[in-house]
Every structure is written in structure tokens, then in C-alpha cells.
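Same order as they appear, the protein sequences are chains A and B.
For the first sequence, this note's numbering puts the final residue at 485, and the numbers step up evenly by one.
For the second sequence, this note's numbering puts the final residue at 775, and the numbers step up evenly by one.
None of these hints come from the bench; they were simulated from the model.
Careful, some of the hints might be misleading.
Derived list of chain A stretches under chain B, where covered just means 3 residues or more per stretch with a C-beta under 8 Å from a C-beta of chain B [to be verified]:
id : region
1  : 192-201
2  : 277-291
3  : 404-415
Among the chain B residues that face chain A by a calculated CB cut under 8 Å, a handful are [as the list claims (entries may be wrong)]:
id : residue
4  : R490
5  : S609
6  : K610
7  : D611
8  : I612
9  : I614
10 : G623
11 : T625
12 : E627
13 : I633
14 : T718
15 : G721
16 : G723
17 : Y738
18 : R739
19 : Y740
For every residue, glycine included, the Cβ atom is placed at its ideal position computed from N, Cα and C.
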Amino acid sequence: MSKSRKQLFIGILVVMLVLMISQVVFAAKAWELIDWNKPVPMVERLSNDEYILPEGWEEATKGVKELAIYNSGGLSGDIATAMNMKIFERLTGIKMKVLVVPSTLEDTKTLSILMSKDGSVPLLLAGDPNIGLTTFAREEWLIPLDFLYPQEVKDLYTPALEPLVTRNGHWWASPVTWVGTGTLFYRPSWLKNVGVDIPNNWEDVYIAAQKCRTWAKETLGPDYYGMVFTGTGGNLLQTLQCTIYSQGGRIYKDGKFQFLSEEFKNSFTYWVNMVREDIASQEVFNYDWNDRGTAFGMGKAAFASCMISSYMTSYQTGYPEIKNDWSVLPPPKWDSSSPDEYQSGVALANSNMVNKFSPDNYQAAAMLYLDFIRSAQATRNEIVVEGNDTYYLGHYNDPEAAKKVDWELADRVAKELGVPAPKRIKEIPFPKVRETLLKYSVSEQFPYGFLQVLDEIQFQFSKAATNQVSIEEALQALQNFADSL
Amino acid sequence: MISNRQFGMYCSLPGLVAVLIFLFFPIVYNVYLSFCEVNVSLKTGFVGLQNYSNLFRSPDFHIAWQTSAIFSLGTTGLTLVTSMMIAHSLNGIKRFNALFRTFAILPWAAPLVISGLMWRWILSKDIGILNYFLQVFGLTSENVGFLINPILAMLSGIVAASWSYIPFVTVLLLTGLESIPVEIYEAGKVDGADALQRFRYISFPLNRPQIVSSALIVWMYSFRTPDIFVALTNGGPGKATYHAGIFLWDNIYRYLNFGRAGAISVLLSITILIPSVLIIYFLNRGSIVK
């Protein structure tokens with residue numbers, strides 16, 4: 001081969017290499033082919049009664065036949081999610097493959113797949129983004145979803161959404177199921193029997209619960225209490241959060257845990273005294289997330305605090321012990337002088353994230369699913385059919401919401417899952433309570449390692465409530481522990 | 486031509502490689518991690534014995550090991566005594582013995598977590614069935630907090646775990662009892678030994694290998710496996726049932742402190758291995774079995 005031919009050959013080779021590399025590095029990602037604002041602006045697509053697919057989705061998701069997703073628990077308890085998957089499959093032809101993750105392993109499963117750089121599951125799960133998302137939120141693991149949330153789209157949703165799923169200035173997740181947390185259930189007949197009005201602040205709730213306990217103990221038996229709450233894990237945290245936020249306080253502020261703040265101290269003392277003064281049973285130290293709801297449903301207490309709002313549906317159909325003798329309040333303020341925006345519950349939502357290690361056409365399909373799942377159509381199914389809450393605020397003022405649901409699909413899905421057909425409600429129960437809950441819900445971004453602090457909160461709480469240490473000692477120990485991490 | 490010896494070696498190679506990859510490497514890697522600080526991106530830094538010294542200073546470590554010790558000893562004792570009684574009863578049953586043995590093994594089919602959840606519903610103070618019956622039969626005037634009193638919570642865990650282990654141990658002991666020749670018992674009867682004496686001088690010594698093996702299995706398993714407490718109390722009330730297995734689980738999966746978790750698992754292995762190796766050594770030497 002002559003020298004000039006050799007040079008030409010090398011030149012062609014270099015050009016080809018550069019072209020190949022630039023193709024790989026600078027080529028548009030598949031999901032960039034989707035125009036989220038066409039055929040109509042994103043807000044219109046999402047808020048239309050029936051979701052409108054964005055333009056370019058077919059090209060972007062070419063080759064995707066099946067989309068794997070981590071789901072918290074089995075679908076038999078998630079009929080709305082199952083319905084939404086069916087609708088998504090009908091719209092796109094992409095089959096949803098549900099991988100069941102037990103609630104105790106949600107973050108663990110996500111972490112293990114990310115650490116092993118495995119792209120086989122494009123839609124990962126953050127069970128409680130308040131706690132887990134800080135660990136996952138990094139560009140080498142997840143695809144930021146900022147482009148799905150321009151201001152006009154954010155305005156469709158509760159203000160608590162943004163702090164819940166953003167970290168470092170980016171959106172990393174999008175909620176699937178919003179678990180409205182913070183409502184206060186009560187027994188009207190008990191309040192009538194002890195001659196107190198329906199309370200609207202925590203101070204009055206305490207007095208009412210105390211009176212109810214005295215009455216119930218004498219009349220119904222020693223195992224009937226004034227208040228039931230959960231004294232363990234994340235549910236204890238939520239219980240404390242409700243009373244802290246009701247005073248305008250926060251647990252984690254300016255990069256530091258605020259265990260010695262006035263608001264935390266008031267909140268901690270409030271619930272410790274509930275147990276110390278026998279208004280609540282010591283059994284709360286052994287309750288998990290649904291035990292308090294069960295105990296209240298069995299007629300064991302006058303109040304159940306920091307409850308998830310889906311009980312508004314389940315108490316209508318089950319629990320004969322309290323039939324027609326229960327009602328619900330939005331999260332109370334701390335005292336009568338507190339402003340309305342302190343009626344704060346806790347923002348809590350199973351959220352999905354897009355796996356950076358998945359092929360980009362699968363990432364596109366994952367984004368498309370998250371786009372659909374936040375739409376008016378999908379969120380309506382969550383609140384109407386399943387009784388969950390929704391971060392899409394428009395439903396609370398839509399008297400027609402229940403009529404817009406495809407009940408035949410709901411029945412069909414229930415049959416497939418082998419669960420009872422959902423009750424065909426005519427209107428969303430307690431829409432004003434729910435709206436208040438969602439409007440003022442608070443989310444906090446807890447730092448990496450927060451679970452150690454959470455366990456210490458539970459430990460110190462149980463010690464204080466059983467008089468092993470004073471409240472001041474417990475709080476100081478808690479602060480010292482958090483500062484030492 | 487290859488020799489038989491060579492052929493045998495080649496055949497064993499895949500198994501050896503599998504053992505090296507799936508057993509030896511994880512153990513060595515775990516020991517290595519126990520000397521490192523490992524963050525969530527698996528970036529490591531060598532810290533020497535710091536994880537171990539931190540552990541020994543940690544109150545949680547002492548609570549967890551103490552809980553595991555009490556729980557494992559209690560479970561082993563209760564399981565052995567009850568299993569021995571059942572095994573002797575089953576050994577004496579001649580009619581429908583297959584049926585009785587099938588019933589006796591049934592609880593073994595339930596996973597520990599499931600049986601823990603079942604016991605949780607039975608023992609719950611406010612909504613549990615046991616308290617309901619205690620009140621119905623007038624045995625208590627107030628509900629008993631089985632899972633909220635630290636001592637009762639530990640006892641409940643021991644009972645619940647034993648309920649799961651008893652069938653397995655019963656079968657082991659029964660196998661041993663059946664291997665004892667009937668003639669020895671008959672000779673004992675002729676010599677005037679009563680039932681207790683026959684147990685003490687015949688059944689117990691001749692069944693001792695099975696008894697020791699069963700005790701070792703139950704002790705090892707209950708020292709390291711926290712399933713019952715995960716379902717029953719989740720380590721509470723306070724940290725009254727904070728088992729070593731929960732401590733390990735927390736550090737791996739919840740606190741993501743992999744270096745510390747490595748150190749915990751190394752210590753847990755040592756705690757279990759030393760007594761086990763000693764017992765097996767003496768068992769093999771025949772100093773336990775006369």
C-alpha cells in the first residue's frame with residue numbers, strides 16, 4: 001500500500017470514528033423525541049377528562065413491549081393503580097410488568113438495583129420520598145424530570161409536591177399514590193356523651209380525649225381509650241409531624257434537627273402525656289401503620305390521629321362497630337389562635353423514579369407512564385375508586401368526579417384481581433376535609449441517614465412515655481444523638 | 486487417557502469454583518468491608534478496627550447481643566423440653582401414629598414471619614384474641630399487654646419461636662428414640678425401672694446426640710434469625726426485643742452502613758461458631774456421648 005493510500009485510509013478511519021463517537025455522545029435521547037406540549041399544551045393534556053398522549057411518544061418508545069415497575073405491595077390492594085395500568089396499556093400498547101416490593105423493602109430494592117447499575121427495571125420506587133429520596137437523588141443514578149414540571153403544571157398540584165420530590169434543585173420522582181395523612185377521626189356519640197363540642201385544635205382535642213377516656217373506662221370498659229395513634233416508626237414520626245406543623249414548626253431546618261425547639265417539645269410532650277395520663281393505651285408502642293385504624297374501627301377510641309384519608313372509604317363499608325357513628329376532621333391547628341395554614345398534614349406519596357441505567361426508549365416509556373399517572377384521569381381513579389388522596393387539587397371541587405370514572409373497567413379489574421368490586425360512590429367523601437389536608441400538607445427533606453434518627457425518636461419516646469426518663473432528658477438525648485451523626 | 490483421580494478432580498472443579506465464588510469470596514469480601522468505611526456509592530476507605538471499636542462502645546450492640554442470648558437460650562430450652570415430651574408421647578402411640586405425626590409437624594410449614602404475625606394478632610392487648618378469651622373466662626379483669634411489657638414481650642417471642650421449632654426438633658428426637666432397641670426398655674421394665682427412670686437412664690443418654698444437635702441447631706438459628714421479633718414487636722417495646730439480627734438488618738438495609746454491618750456479621754458469625762465448633766468437637770470425641 002502506497003503512503004498516500006495509507007494516509008487516506010487512516011483519515012477515513014478517523015472520520016468514521018469521530019462520527020460514531022459523536023453519534024453516541026451527542027445523539028438525542030429517545031425521550032427527547034417527545035414533545036410534551038403537543039398536540040395541546042401540557043396542562044391541557046393532563047387536565048383533560050381523558051388523558052391526551054404527547055406527540056412523538058410512538059417514535060420515542062419504539063421497541064418497548066413491556067415496562068417493568070416496582071410497586072409497593074401487590075395490586076390486589078391497589079385497584080386504582082391496576083386500572084391506570086390497564087388504561088395506559090390500552091393507550092400505548094405497552095404492557096406493564098408489576099414487580100411487587102414489600103413495604104419494608106421499598107428503598108432497599110431500589111438501592112440495590114441502582115448500586116448494581118441494573119437497567120432492567122426502568123421505574124423504581126421511593127416509598128416515602130421524605131426519607132428515602134435524598135439517598136437516590138443523584139444524576140448518575142436517575143433521570144431528572146424537570147421538563148415535566150413547568151410552573152403552570154406545578155399549579156395543578158398541591159404545593160407540598162415540589163419539596164417532596166425535588167432535591168438539589170431537580171425533580172427526581174413523580175407520585176403514583178398520594179396517601180393523605182393527618183386527618184383526625186372521631187366518634188360523635190362519645191363527644192355528645194361527655195358534653196363537649198367538636199374540637200378544631202389540638203389543645204381542645206386533648207381535653208376532649210381525656211374526658212372521653214374517663215367516660216369510656218367507666219361505661220364501656222378499661223380497654224376503651226380517648227385517643228389511638230401509632231407509636232412506632234414512620235407513623236410515630238407523622239403523628240409528631242402533625243402537631244409540630246400545626247404550630248408552624250419543622251423537624252429539620254437549616255441543616256440541623258430541631259429537637260429542642262419549642263414546637264418539637266410541645267408536640268413530643270403532647271403525645272407522651274397521652275400515654276402517661278392513660279388517655280391512649282401503651283399498646284401504641286406495638287401498633288403498625290394500620291393498627292390504629294383497626295382499633296378505631298373496632299370502636300376502641302374516641303379519636304384516631306394522623307390517619308390516612310382512605311379510611312373515609314373503608315369505614316363506610318366495613319367496621320360495623322362504628323357504623324354511622326364516626327366522622328373526620330382536617331388536621332387541627334395547635335390552638336385557636338393559630339392561622340388556618342397550620343392545619344397541616346404530612347405529604348406522603350409512593351413515587352416512581354426513572355432508572356438512568358435503562359435503555360433510553362424504556363426511559364421514554366417510563367416518563368410517559370409517569371406523565372399519564374399524574375393526569376386528571378389517573379388521579380381521579382385513585383381518589384374515587386380506591387379512596388386514596390390526590391395531589392391533583394382540581395378533583396376536590398369537581399362534583400362530577402365520581403361520574404367520570406369508568407366503573408365497568410373498575411369492576412373488570414377487581415374481578416381479575418379477585419377482590420370485591422369497588423363501591424360505586426356518587427361523590428368524593430369529605431372533599432373539603434381532603435382539600436384542606438392537601439392544600440396545607442407539609443413535606444420535609446430529611447438527610448441521608450435519617451432512619452437512625454427516626455429509630456432514636458421512637459426509642460426516646462417510649463422511654464419518656466413509660467416514665468423511664470423525663471421529657472427533657474429524652475429530648476436532650478435525641479438532640480445529642482442527631483448531632484453526633 | 487486420564488486417570489480416575491484426574492477425572493475426579495476435573496469433575497469437582499466446577500463445584501470448587503462455585504464454592505470459591507459464591508461462598509469464599511463473599512466471606513472474605515465481608516471481612517474486608519468490616520475494616521472499611523463504605524458509603525452508599527460503595528466507595529470505600531480503610532479504617533482498620535474502627536468499626537469494631539465503635540461497635541463495642543455502642544449501647545445498641547450490647548442490647549442486641551443480650552437480647553439474642555436470652556432469646557436463643559430461652560427458645561432452645563422451651564423447644565427441647567416440649568419436643569422431648571411430644572416425641573416420647575408420639576413414640577408411645579401405636580394407633581393412627583402417622584396422623585398424629587402429621588399434625589405435630591404442621592406448624593413447621595408456617596414461615597417464621599407469618600407465625601410471628603399470627604402470634605401478634607393473638608397477643609395484641611386491645612384487639613387480640615387471647616385477651617378476649619382471658620376476659621370471657623374471667624381469668625383477668627383487664628387486658629394483658631403481652632407485647633408492651635418488656636419481659637412479657639421477650640417471653641412471647643420465645644413462645645412464638647418455640648411453637649415454630651418444636652415440630653422440627655420433635656421429628657429429630659423421634660428419629661433418635663425409634664433407633665433405640667425396644668429390648669433395652671423391656672429389660673429396664675423387668676429390672677423394675679419406672680417411666681421416669683427409663684427416660685433418665687435409657688432414652689436420654691442414648692438419644693443424646695440428637696438432643697445436642699437439636700439444641701445446637703435451635704440455638705444457632707434463634708441467635709441469628711430475628712424473623713419472629715420483626716413480625717411480633719419489631720424490636721420493641723423500646724429496645725426490649727432488639728435482636729442481633731434486627732441490628733444487622735438495620736445497619737445494612739436501613740442505615741446503609743455497610744462497613745459497620747460487615748463488622749456486626751463477622752462478630753455474629755464468631756459468636757455462633759465458637760460454641761458450635763466446641764460442642765461438635767466434643768461430640769465427635771465422644772466426651773458427650775458415652
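Results of checking the hints against the structure:
Evaluation of the coverage hint for the region 192-201 of chain A: breached, as 0 residues show C-beta separations to chain B shorter than 8 Å, against a requirement of three. Three residues within the 8 Å Cβ limit are the bar, and the region 277-291 of chain A against chain B gives 7, so the coverage statement holds. Counting residues of the region 404-415 of chain A whose beta-carbon sits less than 8 Å from any beta-carbon of chain B gives 0, not enough to reach three: the coverage restraint is violated. About 41 Å separates the beta-carbon of B/R490 from the nearest beta-carbon of chain A, more than 8 Å, and the hint is not met.
For B/S609, the suggested interface contact is upheld, since its CB lies about 7 Å from the closest CB of chain A, less than 8 Å. Restraint check, B/K610 versus chain A: the minimum CB separation of about 4 Å is within 8 Å; hint holds. Interface restraint check for B/D611: the shortest CB-CB distance to chain A comes to about 5 Å, inside 8 Å, so the restraint holds. Given the 8 Å rule on beta carbons, the hint for B/I612 holds: about 6 Å separates it from the nearest Cβ of chain A.
Because the closest C-beta pair between B/I614 and chain A is about 12 Å apart, greater than 8 Å, the hint is violated. Because the beta carbon of B/G623 sits about 14 Å from the nearest beta carbon in chain A, more than 8 Å, this interface hint is broken. Using the Cβ-Cβ criterion of 8 Å, the hint placing B/T625 at the interface with chain A is not satisfied: the shortest such distance is roughly 10 Å. Interface hint at B/E627: satisfied, since its Cβ lies 5 Å from the closest Cβ of chain A, which is below the 8 Å cut-off.
For B/I633, the shortest C-beta to C-beta distance to chain A is roughly 5 Å, which falls under 8 Å, so the interface hint holds. Given hint, B/T718 at the interface with chain A, holds; its Cβ is 6 Å from that chain's nearest Cβ, closer than 8 Å. The beta carbon of B/G721 is positioned within 8 Å of a beta carbon in chain A (closest approach about 5 Å), and the interface hint is therefore held. Below 8 Å, beta-carbon pairs count as interface contacts, and B/G723 has one with chain A at about 4 Å; its hint therefore holds.
Taken as an interface hint, B/Y738 checks out: its beta carbon lies about 5 Å from the nearest beta carbon of chain A, inside 8 Å. At about 4 Å, the closest approach between the beta carbon of B/R739 and any beta carbon in chain A falls short of 8 Å, and the interface hint on this residue holds. Look at B/Y740: its Cβ gets to within about 5 Å of chain A, closer than 8 Å, so that hint holds up.
Consistency note: the structure conflicts with the earlier hints numbered 1, 3, 4, 9, 10 and 11.
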